[in-house]
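**Q** Chain by chain, the residues run as shown.
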Amino acid sequence: MFRETVSLSGSSVAVDTLSVEARLVERAKAQDEAAFEQIMNLYAERLYTYILRMVGNATDAEDLVQETFLRAYQGLPCFDGRASLGTWLYRIATNLCIDHQRRRARRVPTVSYSAHNDEDGEPAEWDFPDHQTPNPLQAALNRELEAVVEEAIGTLSPKLKTVLLLYDVEELSYEEIGRVLGIPIGTVKSRLNHARAQIQKAVAAYLADAPAAVQARVAK
Amino acid sequence: MRCKRFERQMWAYLEGQLADAQAFEAHVGACSRCQRQLAAAQATYRALHALPRHRAPTTLSAQVRRRLAEAPARPRLDWARVGRRVALAPVLGLLIALAWWGWQTTHAPVNTAAEDPTEALVELHEQLEVADWSPSPTPSYFISTGYTR
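Chain order of the listed sequences is A and B. Per this note's numbering, residue 12 is the first one in the first sequence, and the count goes up by one each step. Per this note's numbering, residue 22 is the first one in the second sequence, and the count goes up by one each step.
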């Protein structure tokens, strides 16, 4: 279902993934708890990361990811497989996040999410891809830039944030995002451009203030 | 190429989806403003795609299982119940029809003309008399029909 899996080189992998998912869904529909557990294992990390960036709070994200799976389980009899399982799960999660943000907007604003610290002030656990083993200075710069980007994402409106996260971070296609949000592809593209422009503005401001050496390293 | 066009093509270029990148790259080489913009966009693009995933809490599936156990059981299609409802539908329809008929007979305005056919004909005749049949009947119409108003 994701952009990288539907590339020509990975088409067989994508088909396998979809058929495995379809079988899991059928079993879960028949109230096979082990199958549903497998579905949770497949999507827990992706959904948790997505929701955490959407709501900016680990406790709320944990609650919302639980709610997403709960609703998915209860809604499985109605899942007809026209959309992929992932698209369907992201749709549930997105709706929950938007509802959550609406409710939160009516309450007192909470402290914004910090990219590097979890709720206890401890460094958050990161899963860096194996090929990313930069030298310490580069790693520090990457982290700094990452913090700038995370903070800028936090300032986006829910509409823009959803599209940016689904496309650039979760790597869904325009069509899939259109299905998740129920909007035309043109709207997806337009929202993505606006979102990227806002993040780019924050990054440009960070680079403008940074020493030339940092700018050169970041540009590498 | 102008800076506006550069801006429109910038993300497509970064995604490797720009078919002809020569004009784009030539412009970047010549315009320092666009160079800065591209550097920021490049850093943004790279950072967005390198954002790490967060590990879901280890207790997640246990929590979901607990909440599922607490939640009311998933409603399954109870055919006996559906059958009873289907069987009840015509009875319910009949009751609604009877109630409507009863209301009509007690509350509807009494129309005596409907009960007496002669009265009904008189009423119809009167209505025809009052009706303005033609906006402007021609004089020949009155002559040939002998109609007078």
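Incorrect hints may appear among the rest.
Said to hold, decoys possible - Cβ-Cβ distance ranges computed for the label pairs, FRET-style:
no. : chain 1 : residue 1 : chain 2 : residue 2 : range
1   : B       : 120       : A       : 186       : 46 to 54 Å
2   : A       : 205       : B       : 24        : 36 to 44 Å
3   : B       : 47        : A       : 40        : 54 to 62 Å
4   : A       : 165       : B       : 117       : 53 to 61 Å
5   : A       : 88        : B       : 90        : 15 to 23 Å
6   : B       : 36        : A       : 114       : 29 to 37 Å
7   : B       : 41        : A       : 196       : 47 to 55 Å
8   : A       : 166       : B       : 104       : 36 to 44 Å
9   : A       : 88        : B       : 47        : 37 to 45 Å
Unchecked claim - Output of the computed footprint for chain A on chain B, the stretches with three or more beta carbons under 8 Å from beta carbons of chain A:
no. : region
10  : 71 to 84
11  : 107 to 115
None of these hints come from the bench; they were simulated from the model. Quantities reported herein were computed from a predicted structural model and do not represent experimental measurements. Note that beta-carbon positions come from the ideal geometry of N, C-alpha and C, so glycine has one too.
**Q** If a hint holds in the structure, say so; if it doesn't, say that too.
**A** Against the structure, the hints:
The given range of 46 to 54 Å is respected by residue 120/B and residue 186/A, whose C-beta atoms sit roughly 52 Å from each other. For the pair residue 205/A and residue 24/B, the beta carbons lie near 19 Å from each other, so the given range of 36 to 44 Å is not met. Separated by about 57 Å at the C-beta atoms, residue 47/B and residue 40/A satisfy the suggested range of 54 to 62 Å. Checking the proposed 53 to 61 Å range against residue 165/A and residue 117/B shows it holds: the Cβ atoms sit about 56 Å from each other.
Checked against the hint of 15 to 23 Å, the C-beta distance between residue 88/A and residue 90/B comes to roughly 18 Å, which is consistent with it. For the pair residue 36/B and residue 114/A, the beta carbons lie near 36 Å from each other, so the given range of 29 to 37 Å is met. Our hint of 47 to 55 Å for residue 41/B and residue 196/A is violated, since their Cβ atoms are close to 23 Å apart. In this structure the hint that residue 166/A and residue 104/B lie 36 to 44 Å apart at CB is violated, the actual value being about 57 Å.
Judged by the Cβ atoms, the range 37 to 45 Å given for residue 88/A and residue 47/B is violated: they are separated by roughly 58 Å. Beta-carbon proximity to chain A at under 8 Å applies to 11 residues in the region 71 to 84 of chain B; the threshold of 3 is reached and the given coverage holds. Only when three residues or more bring their CB closer than 8 Å to a CB of chain A does the claim for the region 107 to 115 of chain B stand; here the count is 0, and the claim is violated.
Consistency note: the structure conflicts with the earlier hints numbered 2, 7, 8, 9 and 11.
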